[in-house]
Amino acid sequence: MDARWKERLVGTTSPDLETEIDVFETQLRLRKEGKIEDKLFAETRLRRGAYGQRYDNGKRWDGEKDQTLAFPCADLTKGPETVWDAPGMVRIKIPFGALTATQLDVLADLAEEYSDEILHVTTRQDIQLHFIHIDDTPDLFRRLAAVGITTREACGNSVRNVTGCPIAGVCKSEAFDISPYAAALTHYFLGHPDTQDFGRKFKVAFSGCITEACGLALMHDIGLVAVTRPGEGGEQRGFQFYVGGGLGAVPHQALLLDAFVPEAELLPLSQAVCRVFARHGEKANRARARLKFLVKRLGFDEFKRMVLEEKAKIPTEERWTSWIPDVAAHDRPLRPPSTLVRKAGDPAFDAWFATNVHPQRQSGYSVVSVTMPLGDFTPDQSRGLADIAREFTGDTIRLTVEQNLVLRWVSDQDVPAVHRRLVDIGLGESGAETIVDVTSCPGTDTCKLGISASRGLAGELRGRLAARSAGHDQALGSLRIKVSGCFNSCGQHHVADLGFLGVQRNVEGRRVPHFQVVLGGQWRENAGKFGLAIGAVPSKRIPEVVDRITERYANERDGSEDFQAFIKRVGKSKIREMLSDLMEVPPYDQARELYHDWSDPREYGIGDIGVGECAGEIVSVAKFGLSDGERVAFEASEKLENGDVVGAAQGALAAMLLAAKGLVRAQTFDIGDDPAQIVAEFRARYYDTQLFFDKYAGGKFAHYFFRLVERDLTQATAEDAHHWVDEAQLFIEAAYACEARLGQNPIAQPA
Amino acid sequence: MSVIQYSFKLPMRGELLPQAAYIPVFHDWIRTALITDDVTIDVADYAHVQGGPGVLLVCHEGMYVVDRSRGECGLAYHRRRGVAPDDGVEGARVGLVRLVRAAKLLAGDARLPGLSFDTTRLEIRVLDRLRVDNDAQGWERVEGPLRGAIGAVWGGEVTFEPVATDKRQPLTVHARLPERTIDALLA
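First to last, the sequence lines map onto chains B and E.
In this text, residue positions in the first sequence follow this note's numbering: the first is 1, and each later residue adds one.
In this text, residue positions in the second sequence follow this note's numbering: the first is 752, and each later residue adds one.
Honestly, the hints are just simulated from the structure, not real lab data.
Backbone N, C-alpha and C fix where the C-beta goes; we use that ideal spot for every residue, glycine too.
Errors might be hidden in some of the hints.
As the list claims (entries may be wrong) - Here are the simulated lysine-lysine pairs, BS3-like style, with alpha carbons at most 30 Å apart:
id: 1; chain 1: B; residue 1: Lys283; chain 2: B; residue 2: Lys313
id: 2; chain 1: B; residue 1: Lys6; chain 2: E; residue 2: Lys918
id: 3; chain 1: B; residue 1: Lys296; chain 2: B; residue 2: Lys313
id: 4; chain 1: B; residue 1: Lys283; chain 2: B; residue 2: Lys304
id: 5; chain 1: B; residue 1: Lys59; chain 2: B; residue 2: Lys39
id: 6; chain 1: B; residue 1: Lys283; chain 2: B; residue 2: Lys296
id: 7; chain 1: B; residue 1: Lys65; chain 2: E; residue 2: Lys918
id: 8; chain 1: B; residue 1: Lys304; chain 2: B; residue 2: Lys568
id: 9; chain 1: E; residue 1: Lys855; chain 2: B; residue 2: Lys59
To be verified - Only part of the chain E face toward chain B is listed, based on derived beta-carbon distances under 8 Å:
id: 10; residue: Gln756
id: 11; residue: Ala861
id: 12; residue: Leu881
Stated by the list, open to error - Sample of chain B residues facing chain E (criterion: CB under 10 Å; computed from the structure):
id: 13; residue: Ala70
id: 14; residue: Ala74
id: 15; residue: Leu76
id: 16; residue: Pro87
id: 17; residue: Glu113
id: 18; residue: Ile118
Looking at chain B on its own, in the form it has when it is part of the complex (with noise of 0.2 Å):
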């Protein structure tokens, strides 16, 4: 028999990476064999990184009806309407988008093995792998922990990647390098309790300086920017600490919790923040479920005050500041610095120079951006760009929220070579982050929310605007052009400086997909002004509507004035009006391409649209103890079967504690894995409180506890452990019984 993935890797990955995906394993075994409900499921899955597609509910719309996709799994589900063998798609959290070489080369083999071969650059410095099954995820998750890459908490109602600024460290404007404060933030929330019960996503952001677009902090749940202060003993470093952001629906700007957090109490004062968060954040109602909405509806003032004492009564831990002294660790060239020294008469380099190569703040480098089109790149792309940065750069690479790919570190006199090379294997593309350089979300490609096709418009816009961008001055080149399937957001459009929102219009009978305009964005100062829309257009006038605003712009603006500028002086209305002819949309025998979406040849319908999984599942902590404890258990009688007796008896054990730890985290935060911590507090809460006690069979179930904790598991018979495996699944069910009758929203009496 073949090896598998799991034992090819053994010592290749950490013991908690191992655990966890063993764990994962179990549950989807679990699930087939119908031990978990789907909703857990769901949740458990989306924790892991392993999230919906579109017509993952098993229905299709052929542009005549819909059609029923007829998998071989048949009534099995992975979640609520969600078919187990309909593909799905892997969330890869690469915090702050910083990459290795080796990682590159192993992305491209799992893309290769498991998706269509194209690796997917997100708006928020994850890689996304689309069409996986599901049933190969825990080998995917195995091959990325071998290098290091959890997909933990990609999705679901978690702390999602961290992201930052990719030119951190090398950049002129920042006050100091926000990586290792992202690394830091990023291990201290991986998994920690205090964030495993939200009611919605949470997003931080961090930037190296206010002015500049690249970290985007004022649109997050948490925004960080990097700022000095002289103290004591020299420079200070600390935070501008921003809150309640967020793009989606209905956009908010972030608001300052504290001018100046010194970096020792980065992590404490986030700690309070996810603490308030996920004790008085909605849980019921998922559309007002993120921080912004809690920080609305208890008023800033009264949030600050909760946050501050929050952070008071959390016990001093080591890991807040035990990192710190490695601050100054980051990446370091790989080569000498060095002079440029240009040759005339290339001009595809000179045009790519101009737009993807800038200084760093370390005389003799620059930093190359590599274009990545709709942020795609196939497997051997990605093996050619490990074989570059091994060669120039080391592991200096950064994905961005731009969704291309930065090198750093290029000493000068290689930027020629760089490009050489990135024109052999395909992306020696110039003009990133440029008006050309149009970023999309997934729209209806393959997200289950999507309205309309956003990379459909984005890559035709994109080709309409490569053909001339030699006539783009600077000004106009330098407009960022966003697109979003739908009002979640995930293209960023509102920041943008031509934003495009997918929706659709009614029109006798037939629908027509539509972007609605959205101007006035502001992608610089961390995203620092969002636009508003002017109207709604169809989809296939959208290429129309940027080429009447964009020349206006270039004809008519006042001398250096920028975007901005220029649409509040001529005014939202006037735009409108110069588009309201586009908006007007003729019946469907005059003008049938206008019911079509870009790249489809589907008569357009909204029957494809599903239920969302940016939400999650909304699963009380209390639920996932306790399914911890069923695998657990079932883990036990599995190693009862194989012999191993005491194992059995210990699993059982364990499984006890699991559940009942499960129901006291939903009284209280502050519980360890202390066994004994765990007993007092169950008995405290729910057994001297008679809550746990079944209508007939009273604290029975209670006593399996006590007792077997007190029993010397060491000197069990198999007779024995057969009985405590019982007992467990008998406690656990009492459990859930009891988790039921505490209602939707356990967390009566938070501590």
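Since chain B is already given, all that's left is putting chain E on it; use the hints.
Below, chain E alone, put in the same frame as chain B:
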């Protein structure tokens, strides 16, 4: 269990059609349920990526790809999943049959004028690094099954030319095949 995760690519001949031409064709394959031995799911368009998969028909067990990777455009079929038979030849044959059948459908589609395939060559990749490393041992494992599967579909002798790829890439070989018209295959 046999290896089934093969990718077979049949090169296209002559002037290439725009990638966009294949999109409505693949959509129609879904709409009319033309592929009967798999679940057809969606069409993906990556025409904007240089040297990559251009347009794909994604199915449950595999993908049909108008592929431009490695410097040559062709129709590829990547098999991802399915029942792995004990017989290695059968494990390879299923993917090959699907490729040829799809090539015949495309070649006969009036919306793709002039499309033809070079049936004397085949690119083969083995997308299963767990079982088949890119080395002599890996080739030893799949050579027999591939020879058998190609023989079953093409008839006659096949010769293999190893492709000098680096070890990170999947095991890749080029097959030289007897001259056949596309219509004659699987006839």
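Hint check:
Restraint check for Lys283/B and Lys313/B: the C-alpha separation of about 24 Å stays at or below 30 Å, so the hint holds. Straight-line distance between C-alpha atoms of Lys6/B and Lys918/E comes to about 21 Å, which keeps the hinted pair within the 30 Å bound. Taking the CA atoms of Lys296/B and Lys313/B, the gap is near 24 Å; set against the 30 Å cutoff, the hint holds. A C-alpha spacing of about 20 Å is found between Lys283/B and Lys304/B, which places the hinted pair at or below 30 Å, so the restraint holds.
Between Lys59/B and Lys39/B the CA atoms are separated by roughly 20 Å; this keeps the pair inside 30 Å, and the hint holds. With a C-alpha separation of about 16 Å, the suggested pairing of Lys283/B with Lys296/B holds against the 30 Å cut-off. Straight-line distance between C-alpha atoms of Lys65/B and Lys918/E comes to about 47 Å, which puts the hinted pair past the 30 Å bound. For the given pair, Lys304/B sits about 34 Å from Lys568/B by alpha-carbon distance, which is inconsistent with the 30 Å threshold.
A C-alpha spacing of about 28 Å is found between Lys855/E and Lys59/B, which places the hinted pair at or below 30 Å, so the restraint holds. Interface restraint check for Gln756/E: the shortest CB-CB distance to chain B comes to about 7 Å, inside 8 Å, so the restraint holds. With its C-beta approaching chain B no nearer than about 15 Å, Ala861/E sits outside the 8 Å limit, and its interface hint is violated. The beta carbon of Leu881/E is positioned within 8 Å of a beta carbon in chain B (closest approach about 6 Å), and the interface hint is therefore held.
Residue-level restraint check for Ala70/B holds (minimum Cβ-Cβ distance to chain E is 6 Å; threshold 10 Å). Taken as an interface hint, Ala74/B does not check out: its beta carbon lies about 12 Å from the nearest beta carbon of chain E, beyond 10 Å. At a threshold of 10 Å, the smallest CB-CB gap from Leu76/B to chain E is about 14 Å, leaving the interface hint violated. Among the interface hints, the one on Pro87/B holds; its C-beta lies about 7 Å from the nearest C-beta in chain E, closer than the 10 Å criterion.
Because the beta carbon of Glu113/B sits about 5 Å from the nearest beta carbon in chain E, less than 10 Å, this interface hint is met. Because the smallest distance between the Cβ of Ile118/B and any Cβ of chain E comes to about 6 Å, under 10 Å, the interface hint for this residue holds.
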